[in-house]
Every structure is written in structure tokens, then in C-alpha cells.
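Protein chains in written order, with our numbering: chain E, 1 to 308; chain Y, 1 to 243; chain L, 1 to 227.
Derived by calculation from the structure, the hints in this document are not laboratory data. One or more hints might be untrue.
[Stated by the list, open to error] Here's a subset of chain Y near chain E, in silico, CB distances under 8 Å, partners left out:
(1) G19
(2) S20
(3) G86
(4) V87
(5) V88
(6) K90
(7) Y168
(8) V169
(9) F176
(10) L179
(11) Q180
(12) V182
(13) P183
(14) L184
(15) R185
(16) F187
Note that the Cβ used here is the ideal one computed from N, Cα and C, for glycine as well.
So you can see what is in the structure, the chains are spelled out below.
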Amino acid sequence: MITARHPRRLASGVAALAVAAFALSACSSGDPLDQGGDTPSGGSTAAADTIVIGSQAYYSNEIIAEIYAQALEAADFTVERRFNIGQREAYLPSLENGEIDLFPEYTGNLLQYYDPDTTATTSDDVYAALADALPDGLEVLDQASATDQDSYNVTADFAAEHDLTSIADLAGIDGLVLGGAPELEERPYGPSGLQDVYGVTVAFQATGDTTVDELVAGNVQLADVYSADPRIQTDDLVTLEDPKGLFLASNVVPLVNAKVADEVADVINAVSAALTPEGLVALNVESTQDQRSSADIAQDWLAQNDLA
Amino acid sequence: MSLFADAFAWIFSADRLTGSQPLPFTVGQHLYFTFVSVLVAAVIAIPVGWLIGHTGRGREVAVVLSGAARAVPSLGLVVLLVLLVGVVHKTAAAVVAFVLLAIPSILAGAYAGVRAVDRAVVDAARAVGMTPWQVFWTVEAPLGLPLLIGGLRSATLQVVATVTIGAYVGLGGLGFYILQGVPLRRFDQILGGSIVVVAVALVLDGVFALLQRVVVPHGVTAGRAALQDDSASRRRSTAGSAA
Amino acid sequence: MTWVLDNLGLITDLTVEHLRQSALPIVLGFLVSIPVGWAAFRYTAVRGPVLALVGLLYTIPSLGLFGLLAAALGISFLSETNLVVALTIYAVAIMTRSVADALDSVDRTVRDAATAMGYSPWRRFWTVELPLAGPVLLAGLRVTAVSTIALATVGILIGVENLGYLFTNGSQRRIVAEVLAGVVAVVLVAVVIDLLLVWVGRLVMPWLPRHSRRRAAARAARQAVAA
Numbered sequence: 001m002i003t004a005r006h007p008r009r010l011a012s013g014v015a016a017l018a019v020a021a022f023a024l025s026a027c028s029s030g031d032p033l034d035q036g037g038d039t040p041s042g043g044s045t046a047a048a049d050t051i052v053i054g055s056q057a058y059y060s061n062e063i064i065a066e067i068y069a070q071a072l073e074a075a076d077f078t079v080e081r082r083f084n085i086g087q088r089e090a091y092l093p094s095l096e097n098g099e100i101d102l103f104p105e106y107t108g109n110l111l112q113y114y115d116p117d118t119t120a121t122t123s124d125d126v127y128a129a130l131a132d133a134l135p136d137g138l139e140v141l142d143q144a145s146a147t148d149q150d151s152y153n154v155t156a157d158f159a160a161e162h163d164l165t166s167i168a169d170l171a172g173i174d175g176l177v178l179g180g181a182p183e184l185e186e187r188p189y190g191p192s193g194l195q196d197v198y199g200v201t202v203a204f205q206a207t208g209d210t211t212v213d214e215l216v217a218g219n220v221q222l223a224d225v226y227s228a229d230p231r232i233q234t235d236d237l238v239t240l241e242d243p244k245g246l247f248l249a250s251n252v253v254p255l256v257n258a259k260v261a262d263e264v265a266d267v268i269n270a271v272s273a274a275l276t277p278e279g280l281v282a283l284n285v286e287s288t289q290d291q292r293s294s295a296d297i298a299q300d301w302l303a304q305n306d307l308a
Numbered sequence: 001m002s003l004f005a006d007a008f009a010w011i012f013s014a015d016r017l018t019g020s021q022p023l024p025f026t027v028g029q030h031l032y033f034t035f036v037s038v039l040v041a042a043v044i045a046i047p048v049g050w051l052i053g054h055t056g057r058g059r060e061v062a063v064v065l066s067g068a069a070r071a072v073p074s075l076g077l078v079v080l081l082v083l084l085v086g087v088v089h090k091t092a093a094a095v096v097a098f099v100l101l102a103i104p105s106i107l108a109g110a111y112a113g114v115r116a117v118d119r120a121v122v123d124a125a126r127a128v129g130m131t132p133w134q135v136f137w138t139v140e141a142p143l144g145l146p147l148l149i150g151g152l153r154s155a156t157l158q159v160v161a162t163v164t165i166g167a168y169v170g171l172g173g174l175g176f177y178i179l180q181g182v183p184l185r186r187f188d189q190i191l192g193g194s195i196v197v198v199a200v201a202l203v204l205d206g207v208f209a210l211l212q213r214v215v216v217p218h219g220v221t222a223g224r225a226a227l228q229d230d231s232a233s234r235r236r237s238t239a240g241s242a243a
Numbered sequence: 001m002t003w004v005l006d007n008l009g010l011i012t013d014l015t016v017e018h019l020r021q022s023a024l025p026i027v028l029g030f031l032v033s034i035p036v037g038w039a040a041f042r043y044t045a046v047r048g049p050v051l052a053l054v055g056l057l058y059t060i061p062s063l064g065l066f067g068l069l070a071a072a073l074g075i076s077f078l079s080e081t082n083l084v085v086a087l088t089i090y091a092v093a094i095m096t097r098s099v100a101d102a103l104d105s106v107d108r109t110v111r112d113a114a115t116a117m118g119y120s121p122w123r124r125f126w127t128v129e130l131p132l133a134g135p136v137l138l139a140g141l142r143v144t145a146v147s148t149i150a151l152a153t154v155g156i157l158i159g160v161e162n163l164g165y166l167f168t169n170g171s172q173r174r175i176v177a178e179v180l181a182g183v184v185a186v187v188l189v190a191v192v193i194d195l196l197l198v199w200v201g202r203l204v205m206p207w208l209p210r211h212s213r214r215r216a217a218a219r220a221a222r223q224a225v226a227a
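Next comes chain E alone, as it looks inside the complex (with noise of 0.2 Å):
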């Protein structure tokens, strides 16, 4: 470290560093959150008959791209994987102004970005709301059955002990503490959620990537997991039902730029008619506990399912 040896000197360091600071925020303008980052790979355009598909970054959603890709690529379309780009003001911008073609998305999930208030809760409700909501320019296909989508477990054991099978039967239990994503904790359908739709008093913990393991070690005793995650039957969670509605439904469903939809839609909505939700958890159960490559995946599942 440099030895500052002089604490007025270092008082003045930090002094030109805020007022550089201050002086250059006063140039810039707009959320930078809005912005659009940059396309990975150094944002060039692709060649005008090349579909460019994107992914999140979420390992079961770069199985459905892959899956889009080579079902896209089988059929003699020139195909760009663009994957992992994380969140969606990254890559929404990106599919507006055409750098970016198809994408797997989630209804419900999507929905709520436009439409932070709506009311749509039910898989048909929620498509048809979408389809209103999604600006000019992007449009979606058909939605697939199957469901990727947030949902309160429980451990078996937890479940039996206090006899648990909707959200609402946890109203009366003390101490609950709550764990998903660090975000969960500012969703309408957490904790504060709990509380006004259920009655439900949680406490929340950030555990990520862990969450299923903290439940599992009884660290949390209610989890957000998502309902295609191959861990609810491999350890034995019990998926609280939701019958006031808390969660949207959330299909699997391409979303598209306008301009390209008519080309891929005959392929792209053969995709969608076969993913089923017990097909989509064998696909992340390939990738989690095989550690298949989405490529090898995606490969294996076209041909199962004769489309490519």
C-alpha cells in the first residue's frame, strides 16, 4: 500500500477524488440501469438472415436457448448463441432494437416487469396480459406447459409436523424465517406479500444459491425455489399450494423481436408444444446432477422429442 505519510495529503487525495467525482456525474444523465449494457462479444450486429438467441444467466434458461438454437440450426437457419447475459435491462434493449432475436422468457416473471400492479394470475390470464403489455417491436409465441416459476416449499418433515398444505396453513407459526434471492426480500410476492395475502409472518434471509441447502439444514424453514428445480422431488420438498394467487403463473414462452416472428414461429412453437413440465425438470436434472453440458442436453432432448 502506499504510504501516505502525510494524512493532509491524503485528505487531499480524497478530496480531488470526490470533487472529480461530483464534477463528472454532473455530465452524465439517465438511469444507469436502462441503458442497455453492451451486447457480449463486443457488440456487433449479426449478418441479416442470422437469428441471435440470448439466455439469462440461469443454466436451465441456456438449455431452452440451446434447445431454440439447434432446432432453429436443424431447420437451416444461420444461428448466434448469445448467452448468459444476465439481467433483463441488459437484454430487453438488445431484443427491441433487433441486436438480439429470440429469447426464452417466463410469462409471469416478464409480466410483472411491464405491468408491476397487475392482476393477472392464472397461465391463460397471464399470457394474454402479456401480449398487451409487451411494448411495439417484441411479440411472443406460444407458450409451452411447461412452468418455471417461484413457489413456497417446505421440508416433508416440516410439512407433516404442522400439518401443511397451502400457503395459508403456515399463518399461525412463529418464528418463520424465509430464504431465496436477495430480491425476494422487495417482491410483491414476499415477505410483505406473505403478510397481506396470507397473514403469514416471516422473517427473510438472502441465501442464493443455497437456498435449497439451508432449508434442507432447517436454517430456513420456508424457501422460494423454483417449481422446475429438480431438488423439490430429489429432496423431498413439499410445494405449498397457492390459492389466493400470491405467485403468477409463469410458462415458458419465446419471446421474440417482431420482425423475425414469422420465420421462426413453425419451429420455435413445435419446441414450446413439447416442453412439458416434467420434461423441463428432467432437463435441469440433466444438467445439475449428470453435469451434461446444455449442448449435450439440448441434442438429446430434440431427438427424443423428433425435432431435429
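Chain E is already provided as a structure; the job is to place chains Y and L on it using the hints.
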């Protein structure tokens, strides 16, 4: 400008005292992890560094270790150890990662501090009849303190940065606000969290800078001042004679 | 290590991306730090504030710096630009101190001799001081390169895909081999680049003795403490 205004509003909002990570609690949590890790690393690395510096043996190992440790990605190490150890001992696993990342700087600081002592001074101490033990504790260690503290300073700041990243494995700490703010699209939270963690880092750096000054033995400071007076008066007399 | 063998393509692609993202900060950091470090060396009035400022920049935790840069420069938080600017700042922070120390390490009498022989300051800098400062400069550049390569992995947290992807993807899927492969890959890349720089140093400065271990070790120890 308004971005910073929003961020400061976020920092000083009353909501910062509620929720799963109240701000004062999180700052304390962050400092706690930092101090514990640096302390453990110091307990391990200072004796070893002193030994290497005093005996002169094993210094190449120390140098290679410092160099190699710089190449280890801190996010990867934290994720790896937490994944290996499991959730029951998640905090301990993360602290082990922090300790491993802190050791090289402290080791280098302890070693360099002892080595930087003028050989003539060490010889003088031996000539006066001090035992090796006495030479070490009354001459080498005190004179090497500034560089040792430099190493501790370096290690502390590296751990502060790694604890920030440690929020990714659910450790809490000031990185939580940044990682939660991204999916929630709240830039005031991201910037607010950034400002707080940067402020903490700067304050710690300042504390260490002062410590490095304070720790220099009186005799050394007096000696340096005498030298400066000496050379200044010599310059004045030379200039006079040239005219 | 079957996972590694099955995913060599992925690891290779990510490594290439990682190198591409690290290269600019290292080069830019080196180039920017030469004039800045020279100014700190030459003008003692400027030396304190410059080194203090540069030292302060290095103390800023990376995740925090991304936020500040996005706000101050009006760039997107989740972008490669943000990562590259941050890495460049850290590279300059490390390297400036090295440049100042390197120029300091040149024997004053040699500089005076060059001046006495009629070298202009410009010519003296480029043909005498810089070459003689070479070894310390190279040591600083190696530290900078290795640090940049390791630090670049944090980019995955702001959505920039490089070898850091193996950490987050491995964490999601709970695959130890993937995370371990990522750590090992980053260390290997850093070591290879380090060796490459040593080799380049030998090419560019053939006059240096090949095995001045003791001096190099002492210098490296000082570098390790300073950065």
C-alpha cells in the same frame, strides 16, 4: 448529480434501519468479518514472516507465495470453499477464504519490515552484546513495524473488498445492497451501497496510514529530523560560499 | 476431472473472452501510468498527492467502484465498459507507483552523466532512464497483469461473461468441478501471462543478467507490500 442525491437519500432513509440487513448492522457485520479474518491471518503470517526475515531462509518461498496468491480470484475462492464445506459451516468457509487471501500481504509486510532494517544497526546491536532474541525484539521488530503495518493495511483492504463480494454467497455485508439492487433495478440502492463500502474502505485506509506514522519509534523520527537540519544547514552554507 | 474434459470448449471460449477483457486495462494502465508516474517522480510537490490519489483508488472495493463509475461517467452499470474502466483504474493505481519507484531506482550519477554529455531531458528519459528503470517496470507490469486477470472475474456480477461465469454457473448447479476449474484456469492464465512478460522482458532488455535472484526477490517483496 441527481444520482448521487438519490443515493444519499437512500443511505439516510429511515428504511435503512429495517429489513433483513439494516445498514448499521451490515456495516458492523462487514467490519466484523474483516477484523476476524485479518486477525487470524496475522496470527499465522506475522511469526512466519518474522522468522523468514530474521533468518533469511525461505524468502523465495514467501515471494513466490505472495505472487501466486495475487493470481487467485477471490470470488472463485469464496464460492469454492462455501460449496465444498456446505451451508452448515458457510461462514467459517468464507472466513477461511478471507484468511487465505490476507496472509500473503501480511507475510510480505512482516518479512520486508525485518529485512529493511539497516544491517549496520543490527550489527551494532549484536556488537553491544544483545542475544539474537533481544536483537529481534528490541531492534528488528520495532523498526520493521511501519512496513508490517503496511502489509496489514494492504491485507485489510483486500479483505474488505472480498467481503463485499462475499454477499454473493449470502454472507451479508455491504455487497448485499449492490447485489440486491441489480434485479430490483434500484440504482439509488446500488450507488448508496457502493458509497458506503467505499467510505468504509477509505476510513480504514486512513486509520492505517495514521498508525504507520505513529508507530515509527521516537528515535528514528528524531534521527531523520536531525539529518534534515544537517543537510539544510549545509546547503545554506554552500549557497553562501558560491555567492 | 470428467467435467473439465466434457466442457473444454466452454472453458476455452471463456478464457479467450477473459484475455480480451484483461488486455486493454493492462496496456492502457501501463501507458497512462508512465507519464503520471514520471510526473510524480520528477516534481516532488506533485508526488505526494498523486501517489496518495492513486493509492486511494486501489483501496476502493471493485463492486463499489462499478457503482461509482456508472454514476460518475454515465455508463451502464451492467456493461463491459464499466468493467474495463474499473480494471484500468486499478492497473494505473498499481503501475504508477511502480513507474515512480522505477525511475527513482536509476542511479542519480548516471542521469547526471547523461546530462553532462549533452543529452536533452527528452532523450535522456527515453534512452537512459527508461531502459535502466526497465527491471522494476517489468516487475510492476507483472503484478499489474496478474492482478487484473484475477480481478476481471468479478465482472460476472455485473453481467460480463468471462472465466467468472464458471463460478456463478457452478454455484447455481452446485458443481464443485466447475468452480474449481474456474479458479485453476484463472491462476493458470495469470501464470502464463506472467511468464510471457518475463520472456518479453528478456527480449527487450538483453543486457540484464538472467538470474539476479536476490535483487529480484527483494524487489518483489517490496512490490508485494506496496500493492
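So, going through the hints one by one against the coordinates:
1. G19: holds, 6 Å
2. S20: holds, 4 Å
3. G86: holds, 7 Å
4. V87: holds, 4 Å
5. V88: Interface hint status for Y:V88: holds (6 Å vs cutoff 8 Å).
6. K90: Cβ of Y:K90 sits 7 Å from chain E, so the hint holds.
7. Y168: holds, 7 Å
8. V169: Since the shortest Cβ distance to chain E is 7 Å, the answer is holds.
9. F176: The hint holds - Y:F176 has a Cβ within 8 Å of chain E, the shortest such distance being about 6 Å.
10. L179: holds, 6 Å
11. Q180: holds, 4 Å
12. V182: holds, 6 Å
13. P183: Holds - the Cβ of Y:P183 comes within 8 Å of chain E, reaching about 4 Å at its closest.
14. L184: Nearest chain E Cβ about 5 Å off; hint holds.
15. R185: holds, 5 Å
16. F187: holds, 5 Å
Violated hints: none; the structure is consistent with every hint.
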